[in-house]
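Trainee: Sequential numbering from 1 applies to the sequence shown in UniProt numbering.
Be careful, since some hints might not be right.
[What the hints assert, rightly or not] Taking CB as the label site, the calculated pair distances span: (1) M1 - Q63: 31 to 41 Å; (2) M88 - Q63: 28 to 38 Å; (3) G36 - N89: 24 to 34 Å.
[Stated by the list, open to error] In silico lysine-lysine, BS3-like type, Cα no more than 27 Å apart, as pairs: (4) K39 - K11; (5) K11 - K26; (6) K47 - K26; (7) K26 - K39.
It should be emphasised that the hints constitute simulated quantities derived from the structure, not laboratory data.
Since the model is a prediction, treat every value here as computed from it, not as a measurement.
Where a beta carbon is used, it is the ideal one built from N, C-alpha and C, also for glycine.
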Amino acid sequence: MNRFSVIYQYKGQYHHVGRHTLDEAKATLDTIANSGTRKAIGIYDDKTELFSWEPNRQGQYDQSPIETQGRLGEQIIHIAQALRRRDMNWRGEFQRPSLFA
């Protein structure tokens, strides 16, 4: 599993792209930020469980009251972990339905 997840929004839903290194994650974040169709949110580090906001969002985050920062931080980390958990459990192959399906 990739250590870093680049979190972005597309059509109002959160998505992520896994990357092995921070440099790869930063390059992907820049690409997404310049795409025009997707909103870059930031990079989640699974090893440290920390989140780095996209530079424009970091400024907004820094100006927010401490209570808001805590709430936003918890929300985005929860989203990142849920996306990673979902993808860990996903199987790309079709299986025959069981008798009890």
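Trainee: Can you give the numbers of the hints that this structure goes against, from lowest to highest?
Mentor: none
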